[in-house]
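Q: Here are the chains, one letter per residue:
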Amino acid sequence: KAGVTQTPRYLIKTRGQQVTLSCSPISGHRSVSWYQQTPGQGLQFLFEYFSETQRNKGNFPGRFSGRQFSNSRSEMNVSTLELGDSALYLCASSPLTQGGAGELFFGEGSRLTVL
Amino acid sequence: AQTVTQSQPEMSVQEAETVTLSCTYDTSENNYYLFWYKQPPSRQMILVIRQEAYKQQNATENRFSVNFQKAAKSFSLKISDSQLGDTAMYFCAFMKPTGTASKLTFGTGTRLQVTL
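So the sequence lines, in the order shown, correspond to chains F and X. The first sequence finishes on residue 115 if you use the working numbering, and the numbering steps up by one all the way, no holes. The second sequence finishes on residue 116 if you use the working numbering, and the numbering steps up by one all the way, no holes.
Isolated chain F, as found in the complex (with noise of 0.2 Å):
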């Protein structure tokens, strides 16, 4: 079974554009969910989503939006740029189950660099 994959891997960007961030989850999960890695910040939880609604949104501005598709892939767009968007971008899927907290799965990264 394919794992998460994230696209593009590498990219980079000035200040003031924007940008979209892909992700595929493993076939069969429903939820996705977007995390920011830097190294000040460590990783922080952006958003979450599940069967093409918004479950879940971390403490982060409206320049950062997502949303998911029917067959679960998922985008996640940040506007206008800022120096400090510089980061890992980390998606992760998970199959959950019933009672919520199924593993999570993660993809291995888009690596923004804002110049």
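In silico BS3-like links for lysine-lysine, alpha-carbon gap of 30 Å or less:
hint, chain 1, residue 1, chain 2, residue 2
1, X, K96, X, K55
2, F, K1, F, K57
3, X, K55, F, K57
4, X, K78, X, K96
5, F, K13, F, K57
6, X, K55, X, K78
7, X, K70, X, K96
8, F, K57, X, K73
9, X, K55, X, K73
10, X, K73, X, K96
11, F, K57, X, K70
12, F, K1, X, K96
13, F, K57, X, K96
14, X, K55, X, K70
Since the hints were made in silico from the structure, they are not lab data.
Once you've looked at the hints, dock chain X against the given chain F.
A: For chain X alone, kept in the frame of chain F given last:
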């Protein structure tokens, strides 16, 4: 809000030895899940071990085991017979089960170096 604290930024252990990574957390919840995730230099994070708060028995996965002290809100990871492949960042994480939602709160991580 939940917080997770890992007080050891870096640790080193010799191959075949045992090492313990510390984690404490703060929550007012009674039911929750705790995890240890490993992030090797290649960056893909993988689950090492998981503990459900309502289970008193400590979780074990081969060479990895935890010491879960619910009253003390402590969740340490013990790695026995350390191997070079255990070199990685280790993150302790908390999850409050909320039906179909899943959100992890991570600690700042411990960088473990296994040496010959």
